[in-house]
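Peer 1: Taking the hints as your guide, dock the two standalone chains into a single complex.
Just so you know, the sequences run in chain order X and Z.
132 is the number that full-length UniProt numbering gives to position 132 of the first sequence; each next residue is one higher, with no gaps.
169 is the number that full-length UniProt numbering gives to position 169 of the second sequence; each next residue is one higher, with no gaps.
Be careful, since some hints might not be right.
Reference excerpt, derived from the structure (chain X facing chain Z, CB under 7 Å, subset only) [unchecked claim]:
| # | residue |
| --- | --- |
| 1 | PHE131 |
| 2 | GLY135 |
| 3 | TYR157 |
| 4 | HIS159 |
| 5 | GLY160 |
| 6 | SER161 |
| 7 | ASP163 |
Under the rule of at most 25 Å between Cα atoms (straight-line distance), these lysine to any residue pairs were calculated in the SDA-like manner [to be verified]:
| # | chain 1 | residue 1 | chain 2 | residue 2 |
| --- | --- | --- | --- | --- |
| 8 | X | LYS186 | Z | VAL190 |
| 9 | X | LYS164 | Z | GLN53 |
| 10 | Z | LYS74 | X | SER15 |
| 11 | Z | LYS77 | X | ARG124 |
In case anyone wonders, no lab produced these hints; they're calculated from the structure.
We put the CB at the ideal spot given by N, CA and C, even for glycine.
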Amino acid sequence: MATLSVCRPPVGGFSFENCKRNAVLENEVSKLGCNLPAARKTGTTICGVVFKDGIVLGADTRATEGMVVADKNCSKIHYISPNIYCCGAGTAADTEMTTQIISSNLELHSLSTGRLPRVATANRMLKQMLFRYQGYIGAALVLGGVDCMGPHLYSIYPHGSTDKLPYVTMGSGSLAAMAVFEDRYKPDMEEEEAKQLVRDAIAAGIFNDLGSGSNVDLCVIMKGKVDYLRPHDEANKKGVRTGEYKYKRGTTGVLSKTVTPLDLDVVEETVQTMDTS
Amino acid sequence: MEKHYADSQTKGVSTGTTILAVTFDGGVIIGSDSRASIGGEYVSSKTINKLIQLHDQIFCCIAGSLADAQAITKAAKFHLSFHSVQMENPPLVMAAASVLKELCYKNKEELQAGFITAGWDRKKGPQVYVVSLGGMLISQPFTIAGSGSTFIYGYTDAKYKPNMTREECQQFAINALTLAMGRDNVSGGVVHLVVITEKGVEHVVVPGDKLPKFHDE
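Here chain Z stands alone, though its shape is the one from the complex (with noise of 0.2 Å):
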């Protein structure tokens, strides 16, 4: 899905990116890597957040050219609360994947991202929904995307299990991540996770000498 822009050539600095969401039982664990790089050769910051906060309990990830990213999450910010102060009510995750996607889709020419948005809500509880390039949007339990995606969908697919408890999805997204960010020469530096519940939201920062080692020489 994402590997359509990983091999066109991406503008400026590029988020070169592994980012990928889980459902859980009783909440969502959204996650990333922490590398920009320019031109696959440089890596222009170590330390970037790729996970944005849209909202109190709605996070999205970014991927693709780092410009845009910023440009569309900034302008989906704005439109959620001005929504959610119209509504008189938090917003729902569908609502702020919708803002995204409509940025995309209609600008589809210019722009060159893709984003992961996950949170909580009243209404249908913890979800995940994934916009990519073109705009479109989907939800799924769970997914992963990014450059470094590709070296971990068949670890997914193998250790996904529904209703995990939250530790089991914290240790499967920290694996998975580890696992690309091993593979793949754009993502790299930390590992950024956030895990949103109904209580409210905690981000847990693993650093690289923390991460577990995968036959590492």
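So here's chain X without its partners, still in its complex pose (with noise of 0.2 Å):
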């Protein structure tokens, strides 16, 4: 006797059922009028370039939630081995743990080679990572750092996709700061003129770009030295209120004033030792 229906076997890896089931379950909730909360993102201009000696990593500083500014002074260039760092945008929990992730488990690799780990295999880590999520994990990353082959740079898109590229811009504000790079980028430049240059984009994304502000952080690696620089560029100073707004004592009449003791008695008291070691 035939089978109605041919049984599937379980198939490996990850199901994004319930990740259908959320995208349902908002689009009803908005028919309603209200909205989910939306996770913390970092509208971002995040950008990396390499000139003669290593990279220039460069990140704005303002991490948004929906429209309102959660962060104005944040950090988004993160650590992911001494001679590896790596910027990242999208959302701000996914770049944060999937950056420390990779980290971890970059130590552990380079002391099991007993070598200094190196670009190449940060991006592959990272890039294998991302598409199991299958772009889920909304981090999109740019990755520099100098290694015994050179300096290397890599632009990591959510789904999975990798760049290996000269320069490199990612986040919402990407366009102006590509702009930027696209004008004045040539290759074997010098530290300063470097600098200069990722401090150009990344002010390009902060004025032109809402979901970019506040300051410039900057990170040079070099074979055998990293400089962060944090901030690098107070692009946006809080600024001085020119008037006095405080009221004088005396300006708000006293009509009446009445005193009304508490009498309260002490009925235990009770001492508790707390180990503060």
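Peer 2: What follows is the structure, encoded as structure tokens:
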């Protein structure tokens, strides 16, 4: 007797059924007029450039939660290994955790091989993890570092594709920053020239993109040396108030004053020692 | 064939593309453009190489979601090198195409990538295989794929001749890619060609300003 339907054997890998359910629920909730809380994103400008002796990575410092700035000075350049750093755009939690996980794994790997880790290794680990999650981890990264084979710069997209290029930008302000790069990038720049170029590219993102703002952070990676410049340029200082808005004592007239003392007796006294060592 | 995916939503960075492979007398030429785009609006890379070397004399070119294509080709490269060590012989082009087909067919729900495999082996000489989105595998003397291919079906059908010389075939490939890049917004950049013969592999890059002009104002 033939079966009416073929039983599908259990397929390996993750099941993303709940993601589809969540999308349907979100649609129905928005029809009622309310919104589900938005995850904090780093609507961002991040970029990186290869220069003569190494890599310059740059990032702005604004973290947004919907239309509100959640953090005016957050750090988007994450440590991966002593010679490799990674800028993250997208969902703040995803970039934080992804870079921390890969940093731990890379340290174990480096202890196991006995060598300084290579940028290509970090790239391969990040892309394999992001591909496994099929783009549901919203992390767009600019990975840069100097290893035994020289300076390398990669851009890694949330779905797991990577590009190895001499200059990359990511985030909501990437178009503004890329415009600056396309105009002024030259191969084999000096360190000061490269820092100025990256600073200008991030500034373009800060001033022309709503999701980016505050200061410019830079990270210069060379063979044997890393300069983590935070902040490199305070592009947006908080203004100083010119007027005094406090009222003088006595501006409001007192009409009457009543004092009522409260009689309180100590009923019970207990002492609890705390272990503060 | 590939038009279905060009109209549907591809995820993340996609290689909306033009790729082709043509056999000639003594070898095969595989070629592509070099543009990767996001959502058909932003060019995320102008210089991406879509011709991946799977083995010494077997290349494949990729179309569709870049993340899926990179993951599949890396897995296929590993499979093929393992297979060739086991067989103690360089792999057949059919074997490379089958590996890609297995990966595409078994995971057709999740993946969105198509391939053209071309190469030379001792058993059948120069061959071209196309593995489409759902995992269909067929062999053809020449084939075009990608979103830009729709604009050059007429040109390639009219101009292809069996057993061309290497120079004729190279010119045919360059012309076809130029015409497609001229009309398709998600194809562009430079033309990458790889010429595979019994003797070996040669990579030819034709930058934008050296491409032939067809009534361009």
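Peer 1: All the hints need checking, so say for each whether the structure fits it.
Peer 2: Okay, the hints, checked on the actual structure:
With 7 Å as the threshold, the beta carbon of X:PHE131 comes within range of chain Z, its nearest partner Cβ sitting at about 5 Å, so the hint holds. About 6 Å separates the beta-carbon of X:GLY135 from the nearest beta-carbon of chain Z, less than 7 Å, and the hint is met. At a threshold of 7 Å, the smallest CB-CB gap from X:TYR157 to chain Z is about 5 Å, leaving the interface hint in force. Residue-level restraint check for X:HIS159 holds (minimum Cβ-Cβ distance to chain Z is 3 Å; threshold 7 Å).
A least Cβ separation of about 4 Å between X:GLY160 and chain Z falls short of the 7 Å threshold, and the interface hint therefore holds. At its closest, the beta carbon of X:SER161 sits 4 Å from a beta carbon of chain Z; the interface hint therefore holds under the 7 Å criterion. Taken as an interface hint, X:ASP163 checks out: its beta carbon lies about 5 Å from the nearest beta carbon of chain Z, inside 7 Å. Distance check on the hinted pair: X:LYS186 and Z:VAL190 sit about 20 Å apart at the alpha-carbon level, within 25 Å; holds.
In summary, the hint linking X:LYS164 to Z:GLN53 is supported, as the alpha carbons are separated by about 17 Å, within the 25 Å threshold. In summary, the hint linking Z:LYS74 to X:SER15 is supported, as the alpha carbons are separated by about 23 Å, within the 25 Å threshold. For a cut-off of 25 Å, the pair hint linking Z:LYS77 to X:ARG124 stands: about 15 Å separates their Cα positions.
Hint violations for this structure: none, all hints satisfied.
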